[in-house]
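> Residue-level listing of the chains:
2 protein chains.
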Amino acid sequence: MNETIEQLRKHCSIRAYTDQPVSEEQLRAIVTSAQAASTSSFVQAYSIIGVRDRARKARLAELAGGQKHVEQCPLLLVFCLDLHRLELCARLEGFEPERTETALESTEQYTVGVVDAALAAQNAAIAAESLGLGICYIGGLRNRPKDVAELLKTPERVVPLFGMTVGRPAEPAATKPRLAPEAVYSEEFYPADEEALTRLTEYNGMLSAYYRERTGGGRADRWSEQMTLRLSRPSRLDWRTYLTNRGLPLK
Amino acid sequence: MNETIEQLRKHCSIRAYTDQPVSEEQLRAIVTSAQAASTSSFVQAYSIIGVRDRARKARLAELAGGQKHVEQCPLLLVFCLDLHRLELCARLEGFEPERTETALESTEQYTVGVVDAALAAQNAAIAAESLGLGICYIGGLRNRPKDVAELLKTPERVVPLFGMTVGRPAEPAATKPRLAPEAVYSEEFYPADEEALTRLTEYNGMLSAYYRERTGGGRADRWSEQMTLRLSRPSRLDWRTYLTNRGLPLK
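Note that the protein sequences, when read in sequence, are chains A and B. Per the UniProt record's numbering, the first sequence starts with residue 1, numbered consecutively. Per the UniProt record's numbering, the second sequence starts with residue 1, numbered consecutively.
Chain A with its partners taken away, still in its complex shape (with noise of 0.2 angstroms):
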């Protein structure tokens, strides 16, 4: 073990803040460590927006779904999902924009732009951990997709994808038990539904013993609850409609 495995394994996300600004030093170091992340291709497909101002993230915070640390935290870094710079790159070489849109409008190019955008950001999250700071990654801006975009001024085929919030920590913050590595990782091939079914008992044991000990016995969930709970609630419906309409049809 080193160093750097052990700060990626206590990784917790962090929802309260001090009101110390993130300094310039700080934040180019996070910035150029996303850059530096793998990207498909080299497409470079994302873009990150930085918002400091405190009514934009009041603004944001409440899109999100009321999450308080949106508004709260020193920085938010928005990661979007960016296809138009592509477009510039066609625009600069003379190349006609019709000829660009098969592979524009693919479900393919999303993808890596999710999985570009996904793997800077964790980059940046990586960083800031190692300069002392917390973060925690804001799903919710996907709930009201076109006020984020309107607000962040996104131009078409750029979409934000998820907040991190960041900031010096203003309270400790506990790590969550995870799947056993044998339940997410297997050898040669895909593992039988049995083998799996085992795991996720014993994970859902690991799990509630978590919570009964946290809260004095007052909750006790199992994993599978939880998940079964949120999938009998399907949220972001709208989410395709949304690319759709932003000239991501997802073809």
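Incorrect hints may have been included.
Which copy is meant is left open, so a pair is good if it fits within one copy or across any two.
[Unchecked claim] Capping the alpha-carbon separation at 30 angstroms, the derived lysine-lysine pairs in DSBU-like fashion look like this:
hint: 1; residue 1: Lys68; residue 2: Lys176
hint: 2; residue 1: Lys251; residue 2: Lys153
hint: 3; residue 1: Lys153; residue 2: Lys68
hint: 4; residue 1: Lys251; residue 2: Lys146
hint: 5; residue 1: Lys10; residue 2: Lys68
hint: 6; residue 1: Lys68; residue 2: Lys146
It should be emphasised that the hints constitute simulated quantities derived from the structure, not laboratory data.
Chain B: place on chain A using the hints.
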């Protein structure tokens, strides 16, 4: 700056490996680091399949478009979007499968799974590099998704998204210069096209100079030229159909 950030910033893809195997201890550190990444609503919607079998790697190398390092690396990690595990959760809770469909078939859930898998993968990459190993992402596994899925025995709603070769680097590699930080990062909102075009032109010059220097003048591509060429040859246009056939119609 610190060591973690230095490591992140010097990342480069490694495509030639020594024969030295990845040890069980290293593998465990890589997998547990991957698992420590954030996961949307705690869904942990990914699985990792580790391939060491020479014949299986050779076949995957072929399916990925003849990428020799996929065969030559001691360990290939295949990162899969995994919504099947959520189905098993519902089964454990006695929840009818039909009631999970709306959530599982949504574009939102696909996006969450792709992000989850990518965050985990990037943590794996960083853990591996901190151990002195090198990695390379393999998007080429999406070239022949049906054949890859058959080989890895992935069930419906488990989709191999990309691979990652892992091993001890056999040769040094150089980091390719990325876009300027100002070209991917903006404050408060997305920048105007004029600004972006200026940055792109600057980057074109920088990248041309980089290629010229490395090839003794033999090559001098502009980035916008590379990207336009890529857009003119759209790839993996059957990805959407494949997803639909595997229970992910991206509704």
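> Please flag the earlier hints that this structure goes against, numbers listed from lowest up.
Hint check: nothing fails, all pass.
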